[in-house]
Amino acid sequence: MVKQARDQLESNETQTDIKTVLEASCKVIPMHVVREDCIKLMDDFAADLIDTLASQMNPQVVCSVAGLCNNNRVHRLEEEYYRNLCGHAGSYSDSCASVVTIYKDEIQAFLLKNANSAGNNVCSLVGVCKEKYHNHKNGLVRVPISHDSVSTVRLEDGDVACDFCVQMVGHLRDILIANSSKDTFKLVLTGICNQMTAYKEECLHLVSEYYEVMYDFLVEELNGPVLCKMVGLCHPSSGQNIEVHLRPLIYTNTETVLKVGKHVGNNKKSK
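For reference, each letter of the sequence shown is one residue, going 1 to 271 in full-length UniProt numbering.
Don't read these hints as lab results, they were simulated from the structure. Take these hints with a grain of salt, some might be off.
Stated by the list, open to error - Derived Cβ-Cβ restraints for the label pairs, each shown as a range:
1) E212 x H32: 45 to 51 Å
2) Y92 x E212: 18 to 24 Å
3) L77 x A198: 37 to 43 Å
4) T101 x T16: 39 to 45 Å
5) M31 x G170: 43 to 49 Å
6) T101 x D51: 37 to 43 Å
7) V231 x A109: 43 to 49 Å
8) H205 x Y92: 21 to 27 Å
9) M196 x P59: 49 to 55 Å
10) H205 x G87: 24 to 30 Å
11) H171 x H75: 39 to 45 Å
12) S98 x D51: 44 to 50 Å
13) D43 x K104: 30 to 36 Å
14) V231 x P30: 45 to 51 Å
Note that beta-carbon positions come from the ideal geometry of N, C-alpha and C, so glycine has one too.
Using the sequences and the accompanying hints, generate a full structural model.
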């Protein structure tokens, strides 16, 4: 802000224009309270600030005189701002807030050092700088699907789709179990269940009962070639159709079945 104001002074701009520059610098501050305080300072003391800026004082001294250097109040607001960001992290909000509280200084230092717009670091991180990434070939595998009573898929382009499927299954398995214990896996599933509304309790019950079975399956039995063959993307020989029967899951009222079974048993016993 000091540098921008001095540039304006050297270019013989009016005080109104300088005030506009200072207020614009205030408006980019993310914390609302600090942003409003900054704008009020610009309105009340713009003339004094311009005189101070023109004196060629050290920027740190200028900011201290203007009351713009961070104090304990600003640091507290900064911590609160970082913690509020974790409120959008779903089931990881508590963990996020804990990490921010412990490593706030390290996070801030990293952002100040690396998150600069000039180097496009932020833009590259969120994937909006297309030129930063390599181009992919436009070779899509066309998989014709017939709409018969039984779903069939015929592959005509070799094993490209099959290899891709196997790699994706392996990659998915690695993501699901990488560096995670059974307890961590259960915690992730619990977080997913907590996002549900009508089925939350049922989901939590299933996770509590079967999370170990699911984890063991992912670690030991999730086989890429077998799974891809089941869905019809891999086949034993070229041009051969793999028939995949679509069997919808049907809800069964267990309580009713048990009652019916009990009555039938009583009838047999009475006979």
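Open item on the list: Check the structure against each numbered hint from earlier and tell me which ones fail, lowest number first.
Closed with: none
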